[in-house]
Amino acid sequence: MRLATTSDRCVTYFTHASGARLIKRLLPISAALGIFFLSVVLRLLSVTTDRG
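Its first residue numbered 379, the sequence shown is counted upward by one per residue in the working numbering.
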């Protein structure tokens, strides 16, 4: 398991038409998940700083 192989696989998916379509479909979902994850992390950080 190497990072280069995964990045190469991502590049091949990007060049592939169906891969691009899949990325376009997954982009808003990943963005929403990223925002949710960031809000959770910020909440946890604020809780820990309040305790400290």
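Quick caveat, the hints were computed from the structure, so don't treat them as lab data. Since the model is a prediction, treat every value here as computed from it, not as a measurement. Here a beta-carbon is modelled for each residue, glycine too, at the ideal position from N, C-alpha and C. Any given hint might turn out to be false.
Said to hold, decoys possible - Distance windows between CB atoms, simulated:
#1 T383 - S408: 43 to 51 Å
#2 K402 - L423: 26 to 34 Å
#3 D386 - I407: 22 to 30 Å
#4 V389 - L420: 28 to 36 Å
#5 A398 - T427: 40 to 48 Å
#6 T383 - P406: 34 to 42 Å
#7 T383 - D428: 17 to 25 Å
#8 T390 - T426: 40 to 48 Å
#9 L400 - T427: 14 to 22 Å
#10 D386 - G412: 18 to 26 Å
- Note whether the CB distance of T383 and S408 lies within 43 to 51 Å or breaks it. violated, 21 Å
- State, for the Cβ atoms of A398 and T427, whether the hinted interval 40 to 48 Å holds or is violated. Between A398 and T427, where Cβ atoms are some 42 Å apart, the hint holds.
- Query: When you take the CB atoms of T390 and T426, is the distance between them in 40 to 48 Å?
  - Reply: holds, 41 Å
- Outcome of range test on Cβ distance (K402, L423; 26 to 34 Å): Taking Cβ atoms as reference, K402 and L423 lie about 32 Å apart, which means the hint holds.
- Message: Just to be sure I understand the hint, the distance between the Cβ atoms of T383 and P406 should be within 34 to 42 Å; is that true here?
- Response: violated, 27 Å
- Using the Cβ atoms, figure out if L400 sits within 14 to 22 Å of T427. violated, 39 Å
- Task: Check the following: the C-beta atoms of D386 and I407 are separated by a distance inside 22 to 30 Å.
- Result: Taking Cβ atoms as reference, D386 and I407 lie about 24 Å apart, which means the hint holds.
- Message: A range of 17 to 25 Å was offered for this pair. Does it hold for the Cβ distance of T383 and D428?
- Response: violated, 43 Å
- Query: Regarding D386 and G412, is the given constraint of 18 to 26 Å on their beta-carbon distance met?
  - Reply: Holds, at about 24 Å.
- Item | Distance restraint evaluation - V389, L420, Cβ atoms, bounds 28 to 36 Å | holds, 32 Å
Figure legend: structure checked against the earlier numbered hints; hints not met, in rising order: 1, 6, 7 and 9.
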